Amino acid sequence: MSIFIDENICNGCKGLAEARCERICPGDLCYRKENMKAAIRDQSACWTCAACVKECPVQAIELRLPFQACSNGASLKARLKHDKTIWTVWYADGHQEEFIIQAKCLKGDR
Amino acid sequence: MSIIRIDTDILIIGGGAAGCFAAVEIHKKSPDSKVVIMEKAHIERSGCLAMGLNAINAYIHSGQTPESYVSYVEKQFVGIIRKDLVYGIAQGLNEAVRDVEKMGLPIDRNDDGTYKKRGKRSIRIFGERLKPLLAEAVQKTPAQILNRVVATNFIYDGERVCGAFGYGVRNSTFYVVRAKAVIVATGGASGIYKPNNPGVARHLMWYCPWNVGTGYAMGIRIGAEMTSFENRFIALRVKDVHAPTGTIAVGAHSKQINARGEDYLERYYKHIGGNKCLTQHRLLATIEETKAGRGPCYLDTTTLSESDERRLKEDFLNMNPQIVLLWAGKGMNPRNKPVEIHGTEPFVVGGHCQAGYWIDKERNTTVKGLYAAGEVAGGAPKKYVSGSWVEARIATATALEDIKDVSLGDIDDSIIQIEKNRVLSPLNKKSGVSPLEMRERLQKIMDEYAGGISMNYVIHEERLLEARRLLKCLKERIKDMTAVNNYNLVEALECVDRIDVARVLVEHLIYRKETRWSCYQPRLDYPEKKDERWLVFVNSIYNPDTDEIKMVERPLCQ
Ligand SMILES: Cc1cc2nc3c(=O)[nH]c(=O)nc-3n(C[C@H](O)[C@H](O)[C@H](O)COP(=O)(O)OP(=O)(O)OC[C@H]3O[C@@H](n4cnc5c(N)ncnc54)[C@H](O)[C@@H]3O)c2cc1C
Ligand code: SF4
Ligand code: SF4
Chain A
1 MSIFIDENIC
11 NGCKGLAEAR
21 CERICPGDLC
31 YRKENMKAAI
41 RDQSACWTCA
51 ACVKECPVQA
61 IELRLPFQAC
71 SNGASLKARL
81 KHDKTIWTVW
91 YADGHQEEFI
101 IQAKCLKGDR
Chain B
1 MSIIRIDTDI
11 LIIGGGAAGC
21 FAAVEIHKKS
31 PDSKVVIMEK
41 AHIERSGCLA
51 MGLNAINAYI
61 HSGQTPESYV
71 SYVEKQFVGI
81 IRKDLVYGIA
91 QGLNEAVRDV
101 EKMGLPIDRN
111 DDGTYKKRGK
121 RSIRIFGERL
131 KPLLAEAVQK
141 TPAQILNRVV
151 ATNFIYDGER
161 VCGAFGYGVR
171 NSTFYVVRAK
181 AVIVATGGAS
191 GIYKPNNPGV
201 ARHLMWYCPW
211 NVGTGYAMGI
221 RIGAEMTSFE
231 NRFIALRVKD
241 VHAPTGTIAV
251 GAHSKQINAR
261 GEDYLERYYK
271 HIGGNKCLTQ
281 HRLLATIEET
291 KAGRGPCYLD
301 TTTLSESDER
311 RLKEDFLNMN
321 PQIVLLWAGK
331 GMNPRNKPVE
341 IHGTEPFVVG
351 GHCQAGYWID
361 KERNTTVKGL
371 YAAGEVAGGA
381 PKKYVSGSWV
391 EARIATATAL
401 EDIKDVSLGD
411 IDDSIIQIEK
421 NRVLSPLNKK
431 SGVSPLEMRE
441 RLQKIMDEYA
451 GGISMNYVIH
461 EERLLEARRL
471 LKCLKERIKD
481 MTAVNNYNLV
491 EALECVDRID
501 VARVLVEHLI
511 YRKETRWSCY
521 QPRLDYPEKK
531 DERWLVFVNS
541 IYNPDTDEIK
551 MVERPLCQ
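Protein chains in written order, with this note's numbering: chain A, 1 to 110; chain B, 1 to 558.
All the given hints hold, so there is nothing to weed out.
Not everything, but these chain A residues come out facing chain B in the computed CB check (under 10 Å):
#	residue
1	Met1
2	Ile24
3	Asp42
4	Ala45
5	Val53
6	Glu55
7	Ser71
8	Gly73
9	Trp87
10	Ala92
11	Gln96
12	Ile101
13	Ala103
Hints in this document: simulated from the structure, not taken from any laboratory.
None of the values given here were measured: they were computed from a predicted structure.
Note that beta-carbon positions come from the ideal geometry of N, C-alpha and C, so glycine has one too.
In isolation and in its complexed conformation, chain A is listed as follows (with noise of 0.2 Å):
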């Protein structure tokens, strides 16, 4: 697995022509079922770039390794928060850890 999806959290974008993480994969991966519900076309193709992770506005996806590559159930998520960026790591034991990066130069810092 490269990303999940969690349906309970994900709204569907409801009211926009493409889904935010649609929109924006730059391998065209994500897509909106028949119950308007955001999924992954092949997860094989999933590069773990982490942008539809960034984009969703409800944190419904959240970024996996393969169980090849890393046997163990951690996760990362990540917030946009204006010119922040806010990351949670979830530690295959369950404990996390946050971030919080500056991701941009506010308009009087330039």
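Starting from the known structure of chain A, fit chain B with the ligands onto it as the hints suggest.
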């Protein structure tokens, strides 16, 4: 199937690092010129920069000069580079970086306001959103952006490139874009060789999996001259996830060690400064250590402090979040265990190595009306992201100057029909060869006969001749390819392009009868470097009428 026709002054193919910078640049220089960007994905997160970057690898710090930059690159590439191209890049690096900083890119600074030095020629950035920032700058210009339109071929009248064809995957529409000038900026090529990870992890690779060399292939198909494909790039990367090692080696000063904990670069390269050896030596020594039974090899991260470790993770989140996930999955931190490294499959790229269009200082290709910038342009290795921006700046200036007295070409309907039929034909077949089968066959041939990972990258004439023969047969099967939907169709088109690139690559590998780059192009049958004979560029020109690839040599000084 509907057709959309668009006319413009300048068409940019590929809205990546170079393509986006080019669009902004044209608007600055000539606000009235019409610009169209044709982009396969979405410019906000496409190409190499989709994940972000944590460093700008080409920058001139105080104490360095464009001249010293050129000598550095020349040494790294064992005497073969286009000094004129590299010099032009070096002159423009700092200004280009400043321009992108103004778009909102956060750069690490010293207290006195100067950029913090990461390595001798690099700076540290917080580039997670570098691509969205470039896209935002483009969106402020009136440029027309065609997202999800895959370029398939140039429109070429035998003398001048007058636009390009594209396929819109969202609206199943065929695009015919006429332009007075075309700037190609589609990046390099991945997926030519069998990748490190098989099956479901096949795209857990270093280079962008959707840069498949289409820009090269489109040029090859109209007889544009290509250079130095034999200078393949094989990267030393973190095993399994293929994150760049520079972040650890340069950013955190970690040494390469073997399974016994020895600093093996010191042992191999003491005579040339140990750890200061060439980039390719870092990989070569790693392969040798592994062959000698002293692997796996690692980057020794166990000496990092707790704050260094956190900073390292932050740097990777800005560029390769997978490695942070790898550590989390293994329940370890880099301070507890060194990071395992190995070589990737070979890539064809003009940004780290120098495969690409043969261009002049103004970024003209050998075909009128066509200009190249970024990874797709040859002869100027180690240009990286900042060098790609500089090339985009130079190419736009040339294109704007050239189009002053050019008018749009007439395009015959029959040419449009031929290309449309070629592009769509896989959709119309019920049975045949799937894109997956085609790709795997290509990658297997290249891996086994043209020096892939399973052959430890080595090549020699007999195997290469077999690769040549097998690729010719494979090309004949292209007509049997099938596709069930648009996504699948793009995969099929990617196979066609990769095969064209692979065939040219094999001819280049056959032609250079010496070993110039001991790791990227190791010839078993010609293991020595021969300066008296081979201090030349190996170039190629494809003839679409005879399906032959003609090899030509060009002198070093241009
Ligand atoms: C993982 C990774 C990390 C890197 N880290 C660094 C770093 O830290 N520092 C640094 O200086 N450099 C780094 N580089 C190198 C840098 O990213 C590249 O040199 C730079 O992006 C090259 O710019 P480009 O415009 O040629 O290619 P790209 O930026 O890849 O742009 C190519 C564009 O063309 C589009 N395209 C491809 N085919 C088609 C088609 N058929 N039709 C339409 N569009 C198409 C792609 O979707 C993409 O948008 C890194 C590269 C990678 C892969
Ligand atoms: S972006 Fe998030 S909410 Fe929108 S469709 Fe995708 S997963 Fe669902
Ligand atoms: S992680 Fe990247 S490649 Fe994978 S589905 Fe998300 S956007 Fe696409």
